[in-house]
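Visitor: Sequences are here, hints too, so could you generate the full structure?
Chains as they are written, first to last, in our numbering: chain F, 14 to 450; chain V, 14 to 450; chain D, 14 to 450.
These are computed hints drawn from the structure, not numbers from a lab.
Careful: at least some of the hints might be erroneous.
All copies of an identical chain are treated as equivalent in the list; a pair is satisfied when it fits inside any one copy or across any two copies.
[What the hints assert, rightly or not] List time: in silico DSBU-like cross-link candidates among lysine-lysine, alpha-carbon distance up to 30 Å:
id, residue 1, residue 2
1, Lys271, Lys55
2, Lys440, Lys105
3, Lys55, Lys95
4, Lys326, Lys228
5, Lys327, Lys228
6, Lys444, Lys32
7, Lys381, Lys444
8, Lys105, Lys430
9, Lys105, Lys444
10, Lys68, Lys87
11, Lys161, Lys68
12, Lys381, Lys287
13, Lys271, Lys32
14, Lys444, Lys55
15, Lys161, Lys95
These numbers come from a predicted model, not from an experiment.
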Amino acid sequence: NNSICIFGTGDFGRSLGLKLLQSGFHVIFGSRNPARANLLPKGVEVLGHAEAAQKCQLIILAIQRDHYSPFLRKLEDVLDGKVLVDVSNNLKINQYPESNAEYLAQMLPGAKVVKALNTVSAWSLQSGALDASRQVFVCSDDNAAKQKVMDIARAIGLTPQDNGSLMAANEIENYPLQLFPMWRLPIYLCAGLTVFVFLYCVINDVVYSAAILEKDTSFRLAISIPNKVFPIVSLILLALVYLPGVFAAIIQLYRGTKYSRFPNWLDRWMLCRKQLGLVALSYAFLHAIYTLVIPIRYYVRHRISTSTIAQAKKNETSTFSAVAAWRTDSYIALGILGFFFYVLLGITSLPSVSNAVNWREFRFVQSKLGYLTLVLCAGHTFVYGWNRFLNVAHFRWYMPPAYTLSLVIPCVVLILKFILIIPCIDKRITKIRQGWE
Amino acid sequence: NNSICIFGTGDFGRSLGLKLLQSGFHVIFGSRNPARANLLPKGVEVLGHAEAAQKCQLIILAIQRDHYSPFLRKLEDVLDGKVLVDVSNNLKINQYPESNAEYLAQMLPGAKVVKALNTVSAWSLQSGALDASRQVFVCSDDNAAKQKVMDIARAIGLTPQDNGSLMAANEIENYPLQLFPMWRLPIYLCAGLTVFVFLYCVINDVVYSAAILEKDTSFRLAISIPNKVFPIVSLILLALVYLPGVFAAIIQLYRGTKYSRFPNWLDRWMLCRKQLGLVALSYAFLHAIYTLVIPIRYYVRHRISTSTIAQAKKNETSTFSAVAAWRTDSYIALGILGFFFYVLLGITSLPSVSNAVNWREFRFVQSKLGYLTLVLCAGHTFVYGWNRFLNVAHFRWYMPPAYTLSLVIPCVVLILKFILIIPCIDKRITKIRQGWE
Amino acid sequence: NNSICIFGTGDFGRSLGLKLLQSGFHVIFGSRNPARANLLPKGVEVLGHAEAAQKCQLIILAIQRDHYSPFLRKLEDVLDGKVLVDVSNNLKINQYPESNAEYLAQMLPGAKVVKALNTVSAWSLQSGALDASRQVFVCSDDNAAKQKVMDIARAIGLTPQDNGSLMAANEIENYPLQLFPMWRLPIYLCAGLTVFVFLYCVINDVVYSAAILEKDTSFRLAISIPNKVFPIVSLILLALVYLPGVFAAIIQLYRGTKYSRFPNWLDRWMLCRKQLGLVALSYAFLHAIYTLVIPIRYYVRHRISTSTIAQAKKNETSTFSAVAAWRTDSYIALGILGFFFYVLLGITSLPSVSNAVNWREFRFVQSKLGYLTLVLCAGHTFVYGWNRFLNVAHFRWYMPPAYTLSLVIPCVVLILKFILIIPCIDKRITKIRQGWE
Ligand SMILES: Cc1cc2nc3c(=O)[nH]c(=O)nc-3n(C[C@H](O)[C@H](O)[C@H](O)COP(=O)(O)OP(=O)(O)OC[C@H]3O[C@@H](n4cnc5c(N)ncnc54)[C@H](O)[C@@H]3O)c2cc1C
Ligand SMILES: Cc1cc2nc3c(=O)[nH]c(=O)nc-3n(C[C@H](O)[C@H](O)[C@H](O)COP(=O)(O)OP(=O)(O)OC[C@H]3O[C@@H](n4cnc5c(N)ncnc54)[C@H](O)[C@@H]3O)c2cc1C
Ligand SMILES: Cc1cc2nc3c(=O)[nH]c(=O)nc-3n(C[C@H](O)[C@H](O)[C@H](O)COP(=O)(O)OP(=O)(O)OC[C@H]3O[C@@H](n4cnc5c(N)ncnc54)[C@H](O)[C@@H]3O)c2cc1C
Ligand SMILES: NC(=O)c1ccc[n+]([C@@H]2O[C@H](COP(=O)([O-])OP(=O)(O)OC[C@H]3O[C@@H](n4cnc5c(N)ncnc54)[C@H](OP(=O)(O)O)[C@@H]3O)[C@@H](O)[C@H]2O)c1
Ligand SMILES: NC(=O)c1ccc[n+]([C@@H]2O[C@H](COP(=O)([O-])OP(=O)(O)OC[C@H]3O[C@@H](n4cnc5c(N)ncnc54)[C@H](OP(=O)(O)O)[C@@H]3O)[C@@H](O)[C@H]2O)c1
Ligand SMILES: NC(=O)c1ccc[n+]([C@@H]2O[C@H](COP(=O)([O-])OP(=O)(O)OC[C@H]3O[C@@H](n4cnc5c(N)ncnc54)[C@H](OP(=O)(O)O)[C@@H]3O)[C@@H](O)[C@H]2O)c1
Ligand SMILES: CCCCCCCCCCCCCCCC(=O)OC[C@H](COP(=O)(O)O)OC(=O)CCCCCCCCCCCCCCC
Ligand SMILES: CCCCCCCCCCCCCCCC(=O)OC[C@H](COP(=O)(O)O)OC(=O)CCCCCCCCCCCCCCC
Ligand SMILES: CCCCCCCCCCCCCCCC(=O)OC[C@H](COP(=O)(O)O)OC(=O)CCCCCCCCCCCCCCC
Ligand code: HEM
Ligand code: HEM
Ligand code: HEM
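Guide: Here you go:
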């Protein structure tokens, strides 16, 4: 018997009904007003709620939670022992004290309630554009009922995932209302740093020029300043990705065991390293493009032609400095190589790529190549700074150039890591992590 | 009992047999000429068709449809009640009036016919390079038989998808013969626009120069003109991605309900927005690279050095214009930011990424950041045009510059969208879409 | 009855226990020292090994293989008829003569041993960051036991794949120890070529300058030389991706049948074409960026301004050469288009994209667009070389410029392919491949 009952002939009910029909099920709608239901697909039955429910073992409730209460209680008898699928969503996270599915289960203790299908949208079911919603989470206290619903989901081309008992319903109902929860912390951090570095650069550069040199360089706000802010923040964030791993190792060394939980703040930090890294990659990408457009900027072209004309007038040519050539070429080459490995880290974070590699390979890329990236990027900045680094003569208002500051955290991370991979320490950590007694 | 029979010792039969053997099944081949079958993997049995079939409950037919007819009829008795898996493909879409599987089912009404496995290729099965063919579609009128075949498919590392009853066989047989059906319309549209804009620019630029200014600028065909065509078409296509959503909202507003189908043309348009957007992204990518190579072009270098020399000769330097610096820097910065969000839209269309986000997040990126992209790209073009926009003095043969035209559709989309998000209208649309009565 | 027993309260045991608990299972730990087990999640039972085993049908052994021997033999009676899940990993590939699971099965012939879950790491289970380890391989000689374990894996959010009988255990145990086995050959090949071309260019360029022209151009090692090495190696590798396909066709033509295996070296070559292609793409990417930074290099800026000043001094302007403009613009345009299709090939190799296209579409992109890429890239190099190609006057120490050499293999591939698609030959190959008799 493969007939399925759907209560509610709204958007979701209809879309689901059509899909089920196409996959070979027999679909019976239960409606308050069976006669009026005109937009339904051909080939389905439409009955009153009680008759429809009697004919099927499984009923999908495609109605809002608000309408459950008076109406379903009346059907208590006919729903007894049946599988009831709750697909409902709310408008806000944790809108009600208990999840909709648990509310339903309390209301109808005789029914086998399954929470499922709430993550797909009616429109995507209908149009086949299941882009963001092929995955459905299923939970129930009744295992057989859950299996049945998962089979149906698979039959209509969705990917069900078993989330355990009905206690998980709350989480499942909150899922479609979330908006990038794991990205929040990294993005706030990045925004904060961006604002800070931006202001620092503006003061150091535009304000200083206006105040002391009496030159209007406000046009630098569009490209020159952002092209300092993006790489500096990117470098700091990249270092912050590898800092927690170093802390974790130190804690394990200190405690002498891996069988103890990390402090909470460290745990949370470690879990958002992926997002932190990807935000850092975005900024590095912007830095790369902002750098590549340098020669087409009016300001740059003007400066170069002015200096050429000045030389021509003075009838002299600046002599070629092999050191300058080496310096610029090396810092650019280091930047490019750093960016390349950065992108590689990004590619391996794509879910489909990371799923196709094993744990050892993933760690190799993310950890080994990640540190290589950090070394290259820090090296790039060092060589860029060259001898102007701590040259106080170049400081404006006693402020060192921003890139000097950006190197602090990377250097700390690299020095600590360097200490941790000294053979004797490394051996101890490895032993601790293998957990042999 | 886990023995499986395969009829036909051809390429596909052999590859499948080997794979099944490796996954722990017992494989029995049925061949016209059991003695001659020499390339078969070690560990299989090879018998005549009848004997082979008798030993198994499930028979895979790895022979062409053309050979079904006289030969299978003879085996009607022995195949009665067995599961027959039809794996055959055709050479053309809808080659025969009925699908191969239905033809088989009519021929042998006693057998349980399952259509499956036709989307994997022999070579990929054999080599393990299942790149484009891990997914197999399965359909049958017999549910138990279908489940069995799906289990087997899973056991050999494939991902079966249940497509319902045998009526779906036609679609399944056509699937491997398709060549990007959803991309056709966007690509034709893009090609048409490309040709049109190209000709417009050639006339406006090269032909005009040749005819009026008597200057040969034909070399502009290689980079300068394409670098107008690509961004202009990209911008138009990007606007066309967001136009149908605006139309849909207007229709819903006008009808006052979401419970009515959109006109057919709108439905089709909305379903190919993803492809349209990706084609537009390709063009934007080409524009970005074409732009970045500008300073290494011989023509550009020559022009710049000529103008520098001319200034040096006249013993003067063009004065620095802060407005020009602001203008170029801002349009370039807008372009880069627009491109960045464009790429982000592209990344979230990767199936594995879109599967890892929920519907709300996907809509946030695709809809909100999509409009942001459109605003940035249109802004980029506006600032690029600056005061030359509708300046008739710059028109050649009364033709406005091409980028002026490219802004028409984006502006229409943005104005309509702006009207639609006015609070009172927006509230009405939201209400309509929530569908509460 | 959904209770599961875990032997061993170590890292893995605990993480797994927590996960199972969250998915609604009842978890019973078996430990040597039940009293001491303090870090275990709340809600589990901890007993001695024998008592724990008695209460469950399925026991997961979360202890090292080394500890199996004296300890499990003692429990032989209580484990009889139960499902034993071996999750153990080794430290080296093929560390022991037989796999851990087979060793276990020999030790306890009465138990139903299943190999599974060894590819997930404790940390990722605990933190939910299952990036590289959602996929688990399962094998067993007992089908029902295997199904049970696969259901459990699915329930905790993993993706089980059936790998057949216990003979596959060895492969499964080696899997997490592998480090990019398919990438090894391509990377060695690439490294070898890189070293060779690098030395060739250094001799041809830096050493020659130092020795004959007595000019120190060592700074060219940072960007100029790498920007020859990367594109040249990329082009050669790209050609090597398409060479085996041509060989295969010739062999099939010669033998007149597809029903014979290719020689071993060809098979292996064909299986690493994807990796070869991606390595080539990385180099092309580096070439693209190295090229785009050309105009911001100090050396280039200095050279250009020097030549401009020289012209200004001599009071002349080099005349504009339309041929030079055409030449540089065309080779750059060809390079960009080649790179674009190259990237497209890369995008379609992403597992999630290649899974979403059918075999015909995948072959269209990889084969047709792949050859187009090769043609464009070779064309780019030809036009770049222009008339300096075999111009012996430009040879240094009788060494032709490196890019001349890089064109040899691409030309061979393209000529052979051109011959193979001559209609009469093509028809014969198609016939052979369709396999009709
Ligand atoms: C562009 C970009 C993309 C990124 N994408 C991802 C991504 O997709 N997924 C992701 O996770 N990260 C991602 N990251 C973040 C980062 O690369 C990884 O988290 C990386 O693994 C960190 O390396 P590590 O060596 O610091 O840490 P790990 O090697 O993970 O070690 C950190 C600490 O964890 C503890 N630890 C690790 N393994 C064990 C063990 N077996 N037993 C006990 N303790 C252990 C140790 O104390 C160790 O010191 C990305 C970063 C960037 C820049
Ligand atoms: C580079 C790039 C990549 C892209 N990739 C993708 C992709 O992978 N997948 C994809 O789908 N698109 C993709 N697009 C296209 C586009 O971004 C999306 O389709 C986007 O969602 C359109 O946004 P919208 O606000 O116009 O439309 P929507 O927000 O979808 O709304 C359009 C109309 O549909 C109707 N509608 C929407 N939701 C509902 C509802 N719940 N109930 C009733 N009616 C409703 C409304 O009438 C609405 O006005 C891509 C675009 C680009 C440029
Ligand atoms: C950036 C990049 C990414 C790449 N990614 C991938 C990837 O993800 N996956 C991948 O596989 N390759 C990949 N490649 C490699 C390459 O593009 C493909 O292998 C491509 O299919 C080769 O095309 P071909 O025409 O030479 O070979 P094919 O068309 O495969 O033919 C090669 C030979 O195989 C034999 N053959 C093929 N089909 C049959 C058949 N049905 N029956 C009998 N014999 C047959 C024939 O003898 C034929 O001559 C990539 C390459 C690059 C540059
Ligand atoms: N739409 C989506 O994209 C989507 C996605 C996931 C989940 N959901 C969930 O699916 C459910 C239905 O959503 P929907 O969009 O289809 O809503 P809808 O369009 O408003 O339809 C609701 C249907 O419920 C029935 N109904 C309304 N009031 C009722 C009452 N007092 N008593 C009994 N039945 C009543 C009506 O059907 P009859 O007139 O036939 O009785 C109505 O068509 C909701 O719980 C929603 O959260 C929807
Ligand atoms: N090759 C692929 O990549 C692929 C992919 C998907 C689907 N398929 C489908 O699989 C089937 C087989 O393809 P294939 O490539 O293996 O073809 P094939 O190489 O031509 O093999 C066909 C086999 O069928 C048997 N056969 C031929 N004529 C017969 C006849 N008159 N009566 C009975 N048996 C006959 C032969 O086996 P015996 O000599 O042993 O009798 C022969 O080896 C086709 O339907 C095809 O569409 C193939
Ligand atoms: N950790 C991972 O990431 C990971 C990943 C995949 C597979 N694995 C596999 O899982 C297994 C356990 O790994 P683990 O990291 O959890 O190791 P572990 O932390 O060292 O824990 C091993 C546990 O086994 C028990 N044990 C130790 N010696 C024993 C003995 N002589 N007799 C009986 N029991 C003994 C102990 O539990 P009691 O003190 O409670 O008896 C101990 O806690 C290994 O086979 C490993 O290869 C681990
Ligand atoms: C070209 C550079 C491109 C770089 C642009 C920056 C991209 C980085 C921004 C990442 C955005 C992630 C989307 C967020 C969606 C989401 O939440 O996605 C959520 C998913 C969820 O994953 P979980 O299930 O693990 O939480 O995360 C992802 O899938 C991450 C995808 C990472 C994609 C990185 C891709 C980099 C590709 C680089 C291409 C190379 C280009 C090189 C060029 C010159
Ligand atoms: C660098 C830019 C890269 C941009 C180049 C343009 C890429 C856009 C072309 C998309 C081609 C899609 C392949 C077609 C195969 C197909 O049909 O694929 C078909 C699948 C099928 O999906 P459905 O199952 O939903 O129909 O569609 C896709 O998977 C779409 C994949 C989109 C990929 C976009 C990737 C953009 C990545 C950007 C990286 C960032 C780079 C940044 C750099 C400077
Ligand atoms: C921007 C260019 C980006 C190009 C940079 C070079 C990227 C090529 C390097 C590929 C690295 C693969 C990771 C190895 C992990 C692995 O083993 O991965 C192993 C998996 C395993 O696949 P199998 O299961 O088939 O063996 O292979 C892959 O998933 C291959 C992923 C290919 C990714 C190519 C992505 C190209 C994206 C291009 C974006 C466009 C950008 C354009 C810009 C200007
Ligand atoms: C394509 C790759 C890259 C190129 C071509 C490149 C090039 C450059 C150039 C030319 C500068 C000097 C800018 C100026 O003069 O204002 C610079 C600065 C800098 N780069 Fe990069 N870079 C690349 C990648 C990176 C990466 C991946 C990082 C790391 C996050 C990085 C970090 C920095 C920093 C911190 C500065 C100093 C910013 C300042 O204060 O001016 N770069 N880079
Ligand atoms: C990397 C990002 C980008 C950069 C650096 C950039 C830069 C430029 C430059 C320098 C020009 C002037 C070209 C010339 O002088 O011929 C230009 C023109 C233009 N750009 Fe962009 N752009 C970028 C992205 C985009 C995007 C994403 C779009 C939107 C589709 C776009 C649309 C246009 C249009 C329509 C023109 C006018 C073309 C013409 O008629 O000349 N650009 N861009
Ligand atoms: C973004 C796309 C590309 C651009 C803008 C570009 C541009 C250039 C330029 C300007 C040169 C001359 C370099 C010099 O003067 O030293 C060059 C050389 C070359 N390119 Fe490309 N190219 C691109 C893509 C490719 C691709 C995809 C290939 C193929 C693998 C390739 C292969 C070569 C080769 C072999 C050379 C000669 C190297 C030498 O010996 O100097 N290019 N390219």
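Visitor: For the identical chains here, do Lys161 and Lys68 meet the 30 Å Cα criterion within one copy, between copies, both, or neither?
Guide: So Lys161 and Lys68 pass the 30 Å test inside a copy (17 Å) and across (28 Å) alike.
Visitor: For Lys161 and Lys95, with the copy left unspecified, which applies at a CA distance of at most 30 Å: within, between, both, or neither?
Guide: both (12 Å within a copy, 26 Å between copies)
Visitor: Give the relationship of Lys55 and Lys95 under a CA distance limit of 30 Å: within one copy only, between copies only, both, or neither.
Guide: For Lys55 and Lys95, the Cα distance is within 30 Å only inside one copy (26 Å; across copies 33 Å).
Visitor: Is it within, between, both or neither when you check Lys326 against Lys228 at 30 Å Cα-Cα?
Guide: both (25 Å within a copy, 28 Å between copies)
Visitor: Using 30 Å as the alpha carbon limit, work out where Lys381 and Lys287 are close: within a copy, between copies, both or neither.
Guide: both (15 Å within a copy, 24 Å between copies)
Visitor: Is the C-alpha distance from Lys381 to Lys444 at most 30 Å within one copy, between copies, in both cases, or in neither?
Guide: Only inside one copy: Lys381 and Lys444 sit 19 Å apart there, 50 Å across copies, limit 30 Å.
Visitor: Cα distance capped at 30 Å. Does Lys327 pair with Lys228 within a copy, between copies, both, or neither?
Guide: both (25 Å within a copy, 27 Å between copies)
Visitor: Regarding Lys105 and Lys430, is the shortest C-alpha distance of 30 Å or less found within a copy, between copies, in both, or in neither?
Guide: Between copies, since 26 Å is at most 30 Å while 44 Å is not.
Visitor: Go through the copies and call it for Lys68 and Lys87: within, between, both or neither, with a Cα cutoff of 30 Å.
Guide: within (17 Å within a copy, 43 Å between copies)
Visitor: Taking 30 Å as the upper bound on the Cα-Cα distance, should Lys440 and Lys105 be classified as within, between, both, or neither?
Guide: between (51 Å within a copy, 17 Å between copies)
Visitor: Go through the copies and call it for Lys444 and Lys55: within, between, both or neither, with a Cα cutoff of 30 Å.
Guide: between (67 Å within a copy, 28 Å between copies)
Visitor: Taking 30 Å as the upper bound on the Cα-Cα distance, should Lys271 and Lys55 be classified as within, between, both, or neither?
Guide: between (62 Å within a copy, 19 Å between copies)
Of the numbered hints stated above, none is contradicted by the structure.
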